[in-house]
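Peer 1: Each chain, letter by letter, is given below.
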Amino acid sequence: MGHTDSLEALSVNVAKRTFDAVIVGAGGAGLRAALQLSEAGLKTAVLTKVFPTRSHTVAAQGGVAASLGNSTEDHWHWHMYDTVKGSDWLGDQDSIEFMVRKANEVVIELEHYGMPFDRTDAGKIYQRPFGGHSMNYGKAPVMRSCAAADRTGHAMLHALYQRNVRAHTQFFVEWMALDLIRDAAGNVLGVTALELETGEVSIFHAKATVFATGGAGRIFYSSTNAFTNTGDGLGMAARAGIPLEDMEFWQFHPTGVAGAGVLITEGVRGEGGILRNSGGERFMERYAPNLKDLASRDVVSRSMVTEINEGRGCGPHKDHLLLDITHLSPEVIMKRLPGIREISIRFAGVDPIKAPIPVVPTAHYQMGGIPTNFHGQVIVPKDGNLRTPVPGFYAAGECGCASVHGANRLGTNSLLDLLVFGKSAGESVVADFKSGDLSLKPLPADAAEFSLARLARLESQQEGYAVADTRLAMQRVMQKHAGVFRFNDLLKEGVAAILKVAEAAKSTIINDKSRVWNTARQDALELDNQIEVAKATMISAEARKESRGAHVRDDAPDTPEHPNGRDDQNWLKHTLWYSADNHLEYKPVQLKPMSDDVEPIALAKRTY
Amino acid sequence: MAVERGRVRWQCRRSMLELDLVLERFLATEFDALSEEQLADFEDLLRCDDYDLWAMVNGSKPCEVERWQETIARLRQC
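Chains as they are written, first to last, in our numbering: chain U, 231 to 838; chain Y, 213 to 290.
One or more of the hints may lead you astray.
The list that follows gives simulated cross-link-like pairs (lysine to any residue, SDA-like), each with its CA atoms no further than 25 Å apart [as the list claims (entries may be wrong)]:
{"hint": "1", "chain 1": "Y", "residue 1": "K273", "chain 2": "Y", "residue 2": "D262"}
{"hint": "2", "chain 1": "U", "residue 1": "K584", "chain 2": "Y", "residue 2": "A267"}
{"hint": "3", "chain 1": "Y", "residue 1": "K273", "chain 2": "U", "residue 2": "M564"}
{"hint": "4", "chain 1": "U", "residue 1": "K584", "chain 2": "Y", "residue 2": "S272"}
{"hint": "5", "chain 1": "U", "residue 1": "K743", "chain 2": "Y", "residue 2": "R237"}
{"hint": "6", "chain 1": "U", "residue 1": "K743", "chain 2": "Y", "residue 2": "R217"}
{"hint": "7", "chain 1": "U", "residue 1": "K332", "chain 2": "U", "residue 2": "G353"}
{"hint": "8", "chain 1": "Y", "residue 1": "K273", "chain 2": "U", "residue 2": "R571"}
{"hint": "9", "chain 1": "U", "residue 1": "K612", "chain 2": "U", "residue 2": "A773"}
{"hint": "10", "chain 1": "U", "residue 1": "K565", "chain 2": "Y", "residue 2": "D262"}
{"hint": "11", "chain 1": "U", "residue 1": "K332", "chain 2": "U", "residue 2": "W306"}
{"hint": "12", "chain 1": "U", "residue 1": "K565", "chain 2": "Y", "residue 2": "S272"}
{"hint": "13", "chain 1": "Y", "residue 1": "K273", "chain 2": "U", "residue 2": "I583"}
{"hint": "14", "chain 1": "U", "residue 1": "K730", "chain 2": "U", "residue 2": "N812"}
{"hint": "15", "chain 1": "Y", "residue 1": "K273", "chain 2": "U", "residue 2": "G353"}
{"hint": "16", "chain 1": "U", "residue 1": "K743", "chain 2": "Y", "residue 2": "G271"}
{"hint": "17", "chain 1": "Y", "residue 1": "K273", "chain 2": "U", "residue 2": "V580"}
{"hint": "18", "chain 1": "U", "residue 1": "K743", "chain 2": "Y", "residue 2": "E242"}
{"hint": "19", "chain 1": "U", "residue 1": "K332", "chain 2": "U", "residue 2": "T350"}
Think of the hints as simulated: they come from the structure by calculation, not from any bench.
Computed from a prediction, not measured in an experiment: that's the story for all the values here.
Hey, can you work out the whole structure from these sequences and the hints?
Peer 2: What follows is the structure in structure tokens.
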């Protein structure tokens, strides 16, 4: 099939499909939102690049937080306090109150959908402790995490998928959304999307569009994320003029396998694993004398990077550290950590029974995203109102920013986020639909032109840069200039470097010009999205001249005036990055809770 | 009808990084040389749930489906 002919055919005849709602992404948030819509009788389409049960939600092991109080006493006030403190006070307290109060409801619902939670002897959902979650405002650890063995995300996704099948949600599997469609007034009217099997572009015209495309951790060289996490929703939103919020905040997991990124669970340190530097020293004793290797993720990650920066890294390039479990008996390793042994042998070439595992802090979770309120409505500054909903546009899960995680996320709050805000976005669509606020607005004549031009550019490009090389250049720049520890000079150089890579990304070339199942073209289209996220991250990070949560600058150290380097006077505010000209705006943090049932959590130093 | 190689290649996008990495190596080293029959077996294997597939690749669970066994053995070397 000649590609020129097919392109002409595309531009004159783009198929159009019409729905009440189109959801992009079929991970936890997308499926939870879809369920709300389908059960309300709305004609709902879910677009997904991969089969729903291959979404990255599957990889979430830890659990989902809810103050059920089944295993220890608990209260949503305490969960709220922990989340605000964990966020280093950058989280919006109205959204956080909403999330923690909805937690029990969404977990019980999931139980009714058939989710196989672990049980107490009395038959209730068993709950286990998790880092950062406490009772009585930080006094003691609490058991708040509801889990299904070590595959909570997997069980959750399967339960939600089955329920959607029952509700007749219409799935478009192996379709990639390309661009958001907006009219001149800024209303969102749907998306353009590419069917991988045919290579054809269609318009999905809808009254409501929900983005649930997950995170973009693959912008970093070292990432725990699956390949599919390319931030497609963020890229589409940014190109369509929607700002991205708080993109400087990325959580790094301390123990990714060096070179591969595969996660080694905190449980290994729980079983007695010890981090060592090139001298064999248990260096965490110096940084966290009490908790040592079990200190919180950001503390351990920063300590590791300090060791590397001061020349005590391991290996020929002194670029990683060692996670040592050789002192544990082989029986314990085989019995309690069999998966870890397999991962280490396969991805590091090391049998941890005999030698320590090379590890490095690895990008894991994106706290920022598409700005929303706790209703899941996408909000932007407009006509003096900093939180104006964009008609017809909603977002939930890791791609959205409600903002509940602020500058740092607590473990088990991510699965909670996608359940609560997936449902809430769905409820908002249904409410707006019933009230008549949502209507099928006419499509502009050029609704698909931008997407078609992107594809035409890829087809005609004869000289330029290979996609894989450009992606690697981006990942190396992000790793070096916007990693765990940030330095003023490196950030400034990083902005110039990432803009240069972004320029190169405008002339990527693909050798395979075929239409059907063209994975090279997929990679190129995904890179366009990743580049938007990378620019947002670097530019937002360079501008924020304080340390807060996961954003830690060398030139904003811990002082009596600015504990932990945090500067509430100047920086207690959300960043908004705009793609068109890379400019930044800011908006205040919602320090007031949603209701009068709880006092605001007052600013304090974040210590554990 | 011949199995569409591009379609099978896309099925190698999985939910977890462990599988992405193993399958990436397989695609780079073995995939192009697969016969039509081997390709069909590989595609059939890729219909597995990710946790089951990973368990077979890492050896914690035996592969009991005969037509998958050759591919699993190759994946275990990747």
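Peer 1: Would you mind marking each hint as holding or not holding in the structure?
Peer 2: The hints, checked one at a time:
{"no.": "1", "hint": "Y:K273 <-> Y:D262", "in the structure": "13 Å, holds"}
{"no.": "2", "hint": "U:K584 <-> Y:A267", "in the structure": "23 Å, holds"}
{"no.": "3", "hint": "Y:K273 <-> U:M564", "in the structure": "14 Å, holds"}
{"no.": "4", "hint": "U:K584 <-> Y:S272", "in the structure": "20 Å, holds"}
{"no.": "5", "hint": "U:K743 <-> Y:R237", "in the structure": "24 Å, holds"}
{"no.": "6", "hint": "U:K743 <-> Y:R217", "in the structure": "15 Å, holds"}
{"no.": "7", "hint": "U:K332 <-> U:G353", "in the structure": "22 Å, holds"}
{"no.": "8", "hint": "Y:K273 <-> U:R571", "in the structure": "15 Å, holds"}
{"no.": "9", "hint": "U:K612 <-> U:A773", "in the structure": "23 Å, holds"}
{"no.": "10", "hint": "U:K565 <-> Y:D262", "in the structure": "22 Å, holds"}
{"no.": "11", "hint": "U:K332 <-> U:W306", "in the structure": "9 Å, holds"}
{"no.": "12", "hint": "U:K565 <-> Y:S272", "in the structure": "12 Å, holds"}
{"no.": "13", "hint": "Y:K273 <-> U:I583", "in the structure": "21 Å, holds"}
{"no.": "14", "hint": "U:K730 <-> U:N812", "in the structure": "13 Å, holds"}
{"no.": "15", "hint": "Y:K273 <-> U:G353", "in the structure": "30 Å, violated"}
{"no.": "16", "hint": "U:K743 <-> Y:G271", "in the structure": "39 Å, violated"}
{"no.": "17", "hint": "Y:K273 <-> U:V580", "in the structure": "21 Å, holds"}
{"no.": "18", "hint": "U:K743 <-> Y:E242", "in the structure": "23 Å, holds"}
{"no.": "19", "hint": "U:K332 <-> U:T350", "in the structure": "22 Å, holds"}
Of the hints listed earlier, those the structure fails to meet are numbers 15, 16, in rising order.
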